[in-house]
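Colleague: Sequence:
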Amino acid sequence: MNILLGYFAGRPELPPGEIVRSLEILANRAHNRLQGGWDEFAVRRQWPYAYEEDVQAQEGADEPSED
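Just so we're aligned: 42 in the UniProt record's numbering is position 42 of the sequence shown, and the numbers increase by one with no gaps anywhere.
No wet-lab data here; the hints were simulated from the structure. None of these values were measured; they are calculated from a predicted model. We treat Cβ as the ideally placed atom computed from N, Cα and C, and that holds for glycine. Be a bit skeptical, because a hint or two may be false.
Label-pair distances were calculated between CB atoms; the ranges are [said to hold, decoys possible]:
hint, residue 1, residue 2, range
1, 4, 45, 25 to 31 angstroms
2, 3, 36, 21 to 27 angstroms
3, 49, 22, 17 to 23 angstroms
Whenever a hint applies, use it, and build me the whole structure from the sequences.
Modeller: What follows is the structure, given as structure tokens:
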């Protein structure tokens with residue numbers, strides 16, 4: 001988030017209003033979730049489809065090898 005804000009702050013023209021509003025919503029939601037006790041594992045449980053590749057890779061790593 002800070003990188004995006006720094007990028008837009010360094011540009012001579014102002015970013016479109018939609019981007020500013022989207023970043024504000026994103027920052028507010030992230031802040032609220034952190035204050036509410038959300039952590040990475042809670043996020044992964046809430047939106048498992050967003051992390052399917054990571055979960056499948058972890059599941060494969062957890063299985064014992066058959067050697």
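Colleague: Please go over all the hints and tell whether each is borne out by the structure.
Modeller: Hints, one by one, checked against the model:
Hint check: residue 4 to residue 45, Cβ distance near 27 angstroms, so the stated range 25 to 31 angstroms holds. Between residue 3 and residue 36 the C-beta distance comes to about 24 angstroms, which sits within the given range of 21 to 27 angstroms. Between residue 49 and residue 22 the C-beta distance comes to about 21 angstroms, which sits within the given range of 17 to 23 angstroms.
The structure meets every hint from the earlier list without exception.
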